[in-house]
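Counting from 1, position 115 in the sequence shown corresponds to residue 114 in numbering that gives the first Met the number 0; the numbering is continuous, with no gaps.
The hints are simulated quantities; they were obtained by calculation from the structure and are not laboratory data. Please note that the accuracy of each hint is not assured.
Derived CB-CB ranges, DEER-like [stated by the list, open to error]: (1) P283 / E75: 45 to 51 Å; (2) P173 / E14: 29 to 35 Å; (3) P251 / R21: 41 to 47 Å; (4) A232 / R17: 36 to 42 Å; (5) R72 / L256: 19 to 25 Å; (6) A62 / T104: 29 to 35 Å.
Heads up, the beta-carbon is just placed ideally off N, CA and C, and yes, glycines get one too.
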Amino acid sequence: MLVVPTRAEFRRVLEAERRAGRSIGLVPTMGALHAGHRSLLEAARRDCDVVALTIFVNPLQFAAGEDLSAYPRTLERDLELAAEVGTTVVFTPSDVEMYPMPTLTTVHVDGLTATMEGAARPTHFDGVTTVVTKLFNLAGACRAYFGEKDYQQLAVVTRMAADLDQPVTVVPCPILREADGLALSSRNVYLSAEDRAAAPVLHRALRDAADAVAGGERDARALIGLVSTRLGAEPRAALEYVAVVDASSLEPLTELLPGVAARVILTARFGSTRLLDNIGVVAP
């Protein structure tokens, strides 16, 4: 496994692989890898000849007062996991390497970023799309693997790649969960023991909504009420938002139409830790 710290070398390695006729699978991450990231790497390994992992805690997507300095950094362990999966190359740039000059150019995806995380963290998605565009430019033609846990991010990146004709196929990958239903996240390490025990209520609340849809419920307000009630019964959970949206456009729904994919998306705090989760639903 090759570990490269510079943009020029990362680009050179992947260009050489493509010239040799090999396909590229790109897995962009901020490190602190867990089994969810491992599943992305394994999907890339199954589909592609070359697996390219990037590890970079991107300062552009953190607003003032957010947890940039505290974000977990476990590079040695991350590289061990990457090697176990059979990763070909790992790009580990510094902040100065990724942003050698003040950033005057940013990438903005309109509409999809206006609600949910975009409303709660107004500068977040411009930071995400800017760094992902840089990574796509460096990697070149490839398949890029993103998890569905950050569903809004997945939708934003997918639309960005299509709108800008980037030579990248964005591949969605399912959410991985602990045995008790908690979605895997690098931020789970911040949870106290008590909050960790309470956090699976997020998945239970989403399951309530999915079961209601399967039973014939189509009113989005009723689904939001179900989720809010379940979370309201857990004193350690502070719900920030719950939304029922079209799975493609992320437009808020008032009613689920039969056969049309929708997503129930929520964010809640447990202590100082924000956790995101979602579930796909289709009205029968």
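### Query
So which of the earlier hints does this model not fit?
4, 5, 6
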